[in-house]
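Colleague: Single-letter residue listing:
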Amino acid sequence: MGGQNKKEGLFRGTPVWVLTMVLLLAALFVSLLTAVTIGSTDIPIEDVYHVILYKIFGAGDPSYGEGNLFRAVWYLRLPRLVLAAGIGMGLAVCGVVMQAVVKNPLADPYVLGISSGASLGATLAILAGAGAVFGGNSIGFMAFLGAFGVSLLVVTLANMGGRANSVKLLLAGMAASSVCSAFSNFIVYTAHDREGIQTVTYWMMGSMAGATWEQDGAVLAVALMGLLFFWTQHRNLNLMLLGDESAITLGTDLHRWRQLYLLVSAAMVGFAVYAAGMIGFVGLVVPHVVRMLFGTDHKKLIPLCALSGAVFLVWADVACRVLIEGTELPIGILTSMIGAPVFIYLMSRKKYGFGGGD
Amino acid sequence: MKIESKAVECILNGSPILKGVDLEAGEGELVGVIGPNGSGKSTLLKCIYRILQPTKGAIYLDGDLLGQYSYRESARRIAVVAQHNYYNFDFSVREVVLMGRAPHKRALDRDTAEDYSIVDEALDTVGMLKFAERSFSTLSGGEQQRVILARALAQQTPCLILDEPTNHLDIKYQLQLMDLVRGLNRTVITAVHDLNIAAMYCDRLYAVKNGKLVGCGSPRELLTPEFIRRVYEVDAQVIDDETGRLHILFHPHIWQQGVAR
Chain D
11 MGGQNKKEGL
21 FRGTPVWVLT
31 MVLLLAALFV
41 SLLTAVTIGS
51 TDIPIEDVYH
61 VILYKIFGAG
71 DPSYGEGNLF
81 RAVWYLRLPR
91 LVLAAGIGMG
101 LAVCGVVMQA
111 VVKNPLADPY
121 VLGISSGASL
131 GATLAILAGA
141 GAVFGGNSIG
151 FMAFLGAFGV
161 SLLVVTLANM
171 GGRANSVKLL
181 LAGMAASSVC
191 SAFSNFIVYT
201 AHDREGIQTV
211 TYWMMGSMAG
221 ATWEQDGAVL
231 AVALMGLLFF
241 WTQHRNLNLM
251 LLGDESAITL
261 GTDLHRWRQL
271 YLLVSAAMVG
281 FAVYAAGMIG
291 FVGLVVPHVV
301 RMLFGTDHKK
311 LIPLCALSGA
321 VFLVWADVAC
331 RVLIEGTELP
341 IGILTSMIGA
351 PVFIYLMSRK
361 KYGFGGGD
Chain V
4 MKIESKAVEC
14 ILNGSPILKG
24 VDLEAGEGEL
34 VGVIGPNGSG
44 KSTLLKCIYR
54 ILQPTKGAIY
64 LDGDLLGQYS
74 YRESARRIAV
84 VAQHNYYNFD
94 FSVREVVLMG
104 RAPHKRALDR
114 DTAEDYSIVD
124 EALDTVGMLK
134 FAERSFSTLS
144 GGEQQRVILA
154 RALAQQTPCL
164 ILDEPTNHLD
174 IKYQLQLMDL
184 VRGLNRTVIT
194 AVHDLNIAAM
204 YCDRLYAVKN
214 GKLVGCGSPR
224 ELLTPEFIRR
234 VYEVDAQVID
244 DETGRLHILF
254 HPHIWQQGVA
264 R
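Quick mapping for you: the protein sequence lines, in order, are chains D and V. Letter by letter, the first sequence follows residues 11 to 368 of the numbering used here. Letter by letter, the second sequence follows residues 4 to 264 of the numbering used here.
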């Protein structure tokens, strides 16, 4: 790749961003392996690795494949970390995509009514018993349906009276969002189910605590497929920032793509919400930090955001478990507590935009 | 490649903007479209570069209907430098020009060494190669417009449409951009505001007023004082200097009233 930023020495000729990607990938593995040793109960570090080695490679003492120690590591700690990585990846990528789709740097994965749709679905499940046919996972499933349903509604609304564009999508998203929150609030207000209301509140704050390997599989698969899909779309995502007219002169009619991207994002966010509730600010802050460091080209932005998002959420989950002794902080609260100040800092450092324009 | 518009009509929001315009730009010709504000120049060009659909009539490329091409296919034949190119983000200059390769790419294609050398060549042509790593948003208007021209060149199209690309540029950059375009040897259709620029660079001119063609010919044939008065409603003097170049001098109202200046 002629003329790109290059680093001297050992990695001569390799663009900096590719190098960063490799480093971040390594960081993700190291993070997972470190984070799994940290928790509320004291488990000796070597025991943690014995369990993992035994479970994955069948190496070592079979006694590590059973008992409380085994269950704590293999069924409690590890699944939630893997889930955190998958969700961090998905939310960060969706954040980048949403910001391009609505051509607005303030967009996050929840912006087009997806979050309110998910909340409405979850509220319906918890307080009105909707979706009971889906069994034990009815809350997550209804949340997913809500998210996906609302994004379909948003696309339909934005297409009324002419082709959808980024502004119409944004407005339709706001409208759908308000309607959904109103209905959620109505249900909460008229419900006389104190425990249910608490569940709704807790769910809205997000948590990895309920992670299982089955969920991990679903969330990771969707996040990875989404990541690969959007990575192949880097040219179109770049064109979205130029606007529809320039894009047509460069050979792409963005209209259909924009809606496809929205639906793929809704599926990714829906799965994240299904597994862990609402986790704010990851999809907003991670893309901005990466953009400040590496520019706006989506060829770099998509993979770098995915990896940074994953690393970030793994550590956020660790912090949730250890910050307050004896209790666990909802992760959504933590990410917002960290995310909002970082966001304000970014805003004050540079004139706002897509990191551009001085 | 030859571009033709045949009896193009365009109705926008219920009002007819173009009322049947025929235009032809032959292989390698630099054709200017002139006319006062709101005459429909830009609408005509937008029909040609497919932002707008003609309500009636059609655009042809070498005799083939433009509408039958996909946007990808037409973007490999026609490149556009348009009026507004203010982007609020941090693409580097090279990234902006690399987007010109988009019509030649499928989703899974990588950017090859060839793409990068085409991009660098285009940047070199417009004299912006040393700015390749700079952030696009930090450039001046003239520099940005040259980068957009480089992007159009990277598309490697036989035709180029300029939709008043020199608006808001200093005279130096206006001349620089037009010099560049003149040297390209492609079929070019450009909207021009400044009649002197039109006279300097264009092979042929089409004049549009109120959505209709009101004249067509070489600058020398077309740009007469009578014609300028009829189309622009101003008095002008047209001077043919000793080297055979055309200069248009405008005579504002206050001069004719004998006001001392």
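Don't read these hints as lab results, they were simulated from the structure. Please note: incorrect hints may appear among the correct ones.
Stated by the list, open to error - To give an idea of the interface, some chain V residues facing chain D are shown, with a C-beta separation under 10 Å as derived from the structure:
hint	residue
1	Glu-27
2	Glu-76
3	Ala-85
4	Met-102
5	Arg-104
6	His-107
Positions of the beta carbon are idealized from the N, C-alpha and C atoms, including for glycine.
Colleague: Checked against the structure, which of the hints given earlier come out wrong?
Modeller: 1
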